[in-house]
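2 protein chains.
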Amino acid sequence: MACTVEIISVGNELLIGKIANTNAQWIARRIASLSGNVRRIVDIGDSLQEISAAVREALARKPTILLITGGLGPTFDDMTLEGLAEALNVPLKLEPEAERMVRARYERYEAETGRKIELTPERLKMAKLPEGGHPVKNPAGTAPGVVLERESTTIVALPGVPREMQAIFEEFVVPMVKKAVGDLHFYAKSLEATGVIESELAPLIEKTMREHPRVYIKSHPKAPEPRPLIELHISTTSESMETAVDDVEEAARMLIQLVLEHEGNIQELVEQE
Amino acid sequence: MACTVEIISVGNELLIGKIANTNAQWIARRIASLSGNVRRIVDIGDSLQEISAAVREALARKPTILLITGGLGPTFDDMTLEGLAEALNVPLKLEPEAERMVRARYERYEAETGRKIELTPERLKMAKLPEGGHPVKNPAGTAPGVVLERESTTIVALPGVPREMQAIFEEFVVPMVKKAVGDLHFYAKSLEATGVIESELAPLIEKTMREHPRVYIKSHPKAPEPRPLIELHISTTSESMETAVDDVEEAARMLIQLVLEHEGNIQELVEQE
Numbered sequence: 001m002a003c004t005v006e007i008i009s010v011g012n013e014l015l016i017g018k019i020a021n022t023n024a025q026w027i028a029r030r031i032a033s034l035s036g037n038v039r040r041i042v043d044i045g046d047s048l049q050e051i052s053a054a055v056r057e058a059l060a061r062k063p064t065i066l067l068i069t070g071g072l073g074p075t076f077d078d079m080t081l082e083g084l085a086e087a088l089n090v091p092l093k094l095e096p097e098a099e100r101m102v103r104a105r106y107e108r109y110e111a112e113t114g115r116k117i118e119l120t121p122e123r124l125k126m127a128k129l130p131e132g133g134h135p136v137k138n139p140a141g142t143a144p145g146v147v148l149e150r151e152s153t154t155i156v157a158l159p160g161v162p163r164e165m166q167a168i169f170e171e172f173v174v175p176m177v178k179k180a181v182g183d184l185h186f187y188a189k190s191l192e193a194t195g196v197i198e199s200e201l202a203p204l205i206e207k208t209m210r211e212h213p214r215v216y217i218k219s220h221p222k223a224p225e226p227r228p229l230i231e232l233h234i235s236t237t238s239e240s241m242e243t244a245v246d247d248v249e250e251a252a253r254m255l256i257q258l259v260l261e262h263e264g265n266i267q268e269l270v271e272q273e
Numbered sequence: 001m002a003c004t005v006e007i008i009s010v011g012n013e014l015l016i017g018k019i020a021n022t023n024a025q026w027i028a029r030r031i032a033s034l035s036g037n038v039r040r041i042v043d044i045g046d047s048l049q050e051i052s053a054a055v056r057e058a059l060a061r062k063p064t065i066l067l068i069t070g071g072l073g074p075t076f077d078d079m080t081l082e083g084l085a086e087a088l089n090v091p092l093k094l095e096p097e098a099e100r101m102v103r104a105r106y107e108r109y110e111a112e113t114g115r116k117i118e119l120t121p122e123r124l125k126m127a128k129l130p131e132g133g134h135p136v137k138n139p140a141g142t143a144p145g146v147v148l149e150r151e152s153t154t155i156v157a158l159p160g161v162p163r164e165m166q167a168i169f170e171e172f173v174v175p176m177v178k179k180a181v182g183d184l185h186f187y188a189k190s191l192e193a194t195g196v197i198e199s200e201l202a203p204l205i206e207k208t209m210r211e212h213p214r215v216y217i218k219s220h221p222k223a224p225e226p227r228p229l230i231e232l233h234i235s236t237t238s239e240s241m242e243t244a245v246d247d248v249e250e251a252a253r254m255l256i257q258l259v260l261e262h263e264g265n266i267q268e269l270v271e272q273e
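Top to bottom, those sequences are chains A and B.
Note that the first sequence covers residues 1 to 273 in the working numbering.
Note that the second sequence covers residues 1 to 273 in the working numbering.
Since the hints were derived computationally from the structure, they do not count as laboratory data.
Take these hints with a grain of salt, some might be off.
Treat identical chains as interchangeable: a pair holds within one or across any two.
[What the hints assert, rightly or not] BS3-like mimics (lysine-lysine), calculated; alpha carbons at most 30 angstroms apart, straight line: (1) K62 to K137; (2) K207 to K93; (3) K93 to K218; (4) K137 to K222; (5) K179 to K128; (6) K218 to K116; (7) K218 to K137; (8) K93 to K116; (9) K222 to K116; (10) K93 to K62.
Using the sequences and the accompanying hints, generate a full structural model.
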């Protein structure tokens, strides 16, 4: 089975380059390791119109899962749930279970700090979900995640704070991806070639992929001519991990052979996390 | 004047989380510093259909500039120009000036290394531009950039290799942004608040923004309750740099005052690059 995923990341900070979208990268890497298939990542600003437009466009492409990160907090520019409601054409409603979660969190905070916290409208906003949505417990923060079904797509809204996003993802999204993927396995390895330029590698890669049609090979130039260094990424998804490993290793051996015949140097690259 | 920008980044490596989209972050930061306005960043895979769909969707929103990064090289999965041609409904054509650039690059490589390089179809692909497109010299690599006008949008395709992308951006895109922006100036500063939680800050931020409507303030929770640390980003765009600085500094002073009254701690944050 296939599990296609789209990611929408909400936050002006992404559009002014204050941060790179490392949330999307983290999610994409986890999804790939689970043999899911991220199709698109979209970064937009804290704008109701942008959020609802991006959600509508993503839903039209019918991904298995649509993940939205950011914009769930209590500040006025946290508009993800409102944007989601607008896209789905449903009202926002105070959801009792979400309210309980938010209230419990502040009660704990009060107990820990002795500081009185009222459930102001800003705070209650975190418990107002698009109709039909369910809260997902946030083990690392206040704003609950939100899950919602729409036709064949499961929409999950996650907080933008990395540790909160990751905690909900691991507990809640991972099982969902595993179930959708069924019994698929992803395997990848990287090689590093020197002494050949990308345009010399291109036909060697093509030849290797023709003989190993289940394997995908991509080249990334890392240092320019005249002393080129090119990273090669070889990957596949298969119904057994053994087949995935065999396919990738066989393709790697063939490509290494071809590069050596071409008077280049090539070696395995140990992946850094 | 306003200069709205959309960025499309092409590359499967983004969708498996092998890398974060630091190219888009770099561009977004440069555009913000030039007082341009990045509206959307879209990451897609090396797929003809995805590229042409993303280009069509972006053009429909009529940005001033549409930047596309990646997919300009000689390998079979470099499909940006083909996708662009499909989106614009024009054929790909060998462009004489682009061919001259590619040829000159390989001749230099031959002279430097003594290695014979033929202009194979893979290499010539880098000189086949969508009809109406013009090549932009790549001072740091082989594949030229491409510029193309479509209605009110200027489309610029840039290589994915960061140093090549950055070199073309600085030489070619920066003057274009400056011209479109006219005489606008961007200024921003960051503060760091402790001892208050995000939902307590929300009304203080709102009050500050109401009194300083030209200023935009965004909060980023960095550490969770019960010892919250929140980064605050204050920014504006103005017709004079002096006004921009004054607006941001006044808003910062007001917000600092409000936080202190609220028994929180707040201080300026020195930005790290």
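field: Hint check against the structure, violated hint numbers in rising order
entry: Of the numbered hints given earlier, the structure breaks none, since each of them holds.
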